[in-house]
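Note that the protein sequences, when read in sequence, are chains B and X. In terms of the numbering used here, the first sequence opens at residue 11 and continues consecutively. In terms of the numbering used here, the second sequence opens at residue 3 and continues consecutively.
Please note that the accuracy of each hint is not assured.
Label pairs and their computed distance ranges (CB to CB) [what the hints assert, rightly or not]:
| # | chain 1 | residue 1 | chain 2 | residue 2 | range |
| --- | --- | --- | --- | --- | --- |
| 1 | X | Glu105 | B | Gln20 | 52 to 60 Å |
| 2 | B | Gly106 | X | Glu207 | 23 to 31 Å |
| 3 | B | Gly62 | X | Phe25 | 46 to 54 Å |
| 4 | B | Gly106 | X | Lys180 | 29 to 37 Å |
| 5 | B | Gly62 | X | Met79 | 47 to 55 Å |
| 6 | B | Gly167 | X | Arg31 | 41 to 49 Å |
| 7 | X | Lys17 | B | Ile334 | 42 to 50 Å |
| 8 | B | Met340 | X | Glu203 | 30 to 38 Å |
| 9 | X | Lys125 | B | Thr238 | 34 to 42 Å |
Source of the hints: derived by calculation from the structure; they are not laboratory data. In this text, a Cβ means the ideal position worked out from N, Cα and C, and glycines have one as well.
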Amino acid sequence: MWNHMTKTVQVDSSALCLGIESSADDFGVGIATFGGDILANKSDDYIPTEGGIHPREAARHHAEVADQVLKDALQKADKKPGEFTCIAFSQGPGLGPSLRTGATVARALAAYLNIPLVGVNHSVAHIEIGKLQTGAKDPVTLYASGGNTMVTAYESGRYRVFGETLDIALGNCLDVFAREVGLKHRKGVPLGAAIEQLALRGEKLISLPYVVKGMDLSLSGLLTAATTAWKKGNCTLEDVCYSLQEHAFSMVTEVTERALAHTEKNEVLLTGGVAANKRLQTMLKVISEEHNAEFSVVPLQYATDNGAMIAWTGTLAFRHGLTIPVDESMVKLRWRVDKVDVPWIQ
Amino acid sequence: MDTIDKVSSIKLLKKGAEASLFFAEWHDRKAVIKVRMPKLYRPKALDMQIRNYRTVHEPQLMHEAKAAGVPAPLIYMVNVPESSIVMEYIEGQQVKLLLNDVEKDRRHDLCVKIGESVARLHKWGLIHGDLTTSNMILAEDGRIYFVDFGLGEKSAELEAKGVDLHLLKRALQSTHFKHWEECLQAVLCGYSSVLGAETAEKVYEKIREIERRGRYVEERRQP
Numbered sequence: 011m012w013n014h015m016t017k018t019v020q021v022d023s024s025a026l027c028l029g030i031e032s033s034a035d036d037f038g039v040g041i042a043t044f045g046g047d048i049l050a051n052k053s054d055d056y057i058p059t060e061g062g063i064h065p066r067e068a069a070r071h072h073a074e075v076a077d078q079v080l081k082d083a084l085q086k087a088d089k090k091p092g093e094f095t096c097i098a099f100s101q102g103p104g105l106g107p108s109l110r111t112g113a114t115v116a117r118a119l120a121a122y123l124n125i126p127l128v129g130v131n132h133s134v135a136h137i138e139i140g141k142l143q144t145g146a147k148d149p150v151t152l153y154a155s156g157g158n159t160m161v162t163a164y165e166s167g168r169y170r171v172f173g174e175t176l177d178i179a180l181g182n183c184l185d186v187f188a189r190e191v192g193l194k195h196r197k198g199v200p201l202g203a204a205i206e207q208l209a210l211r212g213e214k215l216i217s218l219p220y221v222v223k224g225m226d227l228s229l230s231g232l233l234t235a236a237t238t239a240w241k242k243g244n245c246t247l248e249d250v251c252y253s254l255q256e257h258a259f260s261m262v263t264e265v266t267e268r269a270l271a272h273t274e275k276n277e278v279l280l281t282g283g284v285a286a287n288k289r290l291q292t293m294l295k296v297i298s299e300e301h302n303a304e305f306s307v308v309p310l311q312y313a314t315d316n317g318a319m320i321a322w323t324g325t326l327a328f329r330h331g332l333t334i335p336v337d338e339s340m341v342k343l344r345w346r347v348d349k350v351d352v353p354w355i356q
Numbered sequence: 003m004d005t006i007d008k009v010s011s012i013k014l015l016k017k018g019a020e021a022s023l024f025f026a027e028w029h030d031r032k033a034v035i036k037v038r039m040p041k042l043y044r045p046k047a048l049d050m051q052i053r054n055y056r057t058v059h060e061p062q063l064m065h066e067a068k069a070a071g072v073p074a075p076l077i078y079m080v081n082v083p084e085s086s087i088v089m090e091y092i093e094g095q096q097v098k099l100l101l102n103d104v105e106k107d108r109r110h111d112l113c114v115k116i117g118e119s120v121a122r123l124h125k126w127g128l129i130h131g132d133l134t135t136s137n138m139i140l141a142e143d144g145r146i147y148f149v150d151f152g153l154g155e156k157s158a159e160l161e162a163k164g165v166d167l168h169l170l171k172r173a174l175q176s177t178h179f180k181h182w183e184e185c186l187q188a189v190l191c192g193y194s195s196v197l198g199a200e201t202a203e204k205v206y207e208k209i210r211e212i213e214r215r216g217r218y219v220e221e222r223r224q225p
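Turn these sequences into a full structure, and let the hints guide you.
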């Protein structure tokens, strides 16, 4: 446990941390200073030939591109391996084979350079990069991506989960629907973006399941109903995309608003891959204004999985002495955000 | 607002996420007016559908809760077009506000009572849908009133009961995280005392199943 460790390590703000992210389909390397400057954020994403992420294939992709992405990041930051203070890596949650590939690269680097290794929780990193980039201090955060959909806020030493999906993640819901209706993932155009484009031209709202349970929500029934509506063929794809988005986003917005009213915080942060969606941004902006809260959304390059968020969170953890020896650095596939102490928050 | 025009000394009590609560005198009684305000973020048709549905169902479920033996405010009036409900004002305190600060024994007793009430609802086939300690009021007469049935439903299914209790567990974990384990234990103790150990055990097994289904849960079985 981390919570008994209160000592902080003095580190120069120009010191460097290299972060490796590999929890799902992206392999990313980021370089951050302890002062909060992001010097590099490079990545390469695995695009399945068909279907969703095949864990083994994603891991193979990561192993193939690791060397080049690392080189690109070092070149972009104009730094040499010997200049780093620590190596951070995404230790979980995520897909085992993918995580292990990144962890292996991180361990090799740390051992070779003889510098400490920092295991970073992927979900915490999404929140921290959002705070760093937007200046949010203590927000209610909606973290929505392909693997996660949760509403969190800081309370007594940890990010607590106030609401979350009871089944599939928001990004997963949109991706699977997109594949079911025959949309293809192309480089630079995620499936979610394809749905967003189609939805803009939708006009008719089709009635679909709206399932909010307390502050939790369920999206699997919505996915099935939307897919069925399309297959029945008496509505346009644009209308189904529009209706799917409106229902799904209304649900996550409703639970975010509940958490906002419950915690009485005055900031709302949107982070994770689905944060790129303008319609979702608009909905959250509306509830934020209604509760006199400041709304911010993570910039696009830090919305999807990226190395910079791991590097930055690595600096926060390192300052609090949270390094791990190699033999304790096994990946944690199911490392929930509320199991992680975050001593850098007062 | 028609309803609001008919009452006197109206005062905003709380602007919640879903509805605003007003305190008012209604025919010389202390009343709460719950108004589900339009939600501008969602499409109008969807918004109307959700607000109407909840406004109609909430009073019905509150009525049934009383029949099941769980105190809930009396309903005075419902106005569907303006999504408002006028109900009895309960003198008391939100359980959320006192649970962390009371003595351990007192906390235990309150949680046992909560568990008993949840069990009575479930036995009646009633699912609250938003079991948090903010939705429970400890009245001056010592009874715990349940409010906010807007997300509730009639269901005898194990799944619905499991989710209901799972939500209460989650609420304890996020809002009463220092005491959540002892609170939960007391809730379950009250729950099984009403439903019987055998039925309660089936619900607990369901909760475990629901939690394993969740994302990134350590106990989740590997495929």
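Outcome of the hint check:
1. Separated by about 44 Å at the C-beta atoms, X/Glu105 and B/Gln20 break the suggested range of 52 to 60 Å.
2. One distance hint, 23 to 31 Å for the beta-carbon pair B/Gly106 and X/Glu207, holds here, with the actual separation near 28 Å.
3. Checking the proposed 46 to 54 Å range against B/Gly62 and X/Phe25 shows it holds: the Cβ atoms sit about 52 Å from each other.
4. Between B/Gly106 and X/Lys180, the C-beta spacing of about 34 Å keeps the proposed range 29 to 37 Å intact.
5. The hinted range of 47 to 55 Å is satisfied by B/Gly62 and X/Met79, whose Cβ atoms lie roughly 51 Å apart.
6. For B/Gly167 and X/Arg31, the Cβ-Cβ distance of about 45 Å falls inside the hinted range of 41 to 49 Å, so the restraint holds.
7. In this structure the supplied range 42 to 50 Å holds for X/Lys17 paired with B/Ile334, their Cβ-Cβ distance being about 45 Å.
8. Distance hint check: the CB atoms of B/Met340 and X/Glu203 are about 35 Å apart, consistent with the given range 30 to 38 Å.
9. Take X/Lys125 and B/Thr238: their Cβ atoms lie about 35 Å apart, and the range 34 to 42 Å holds.
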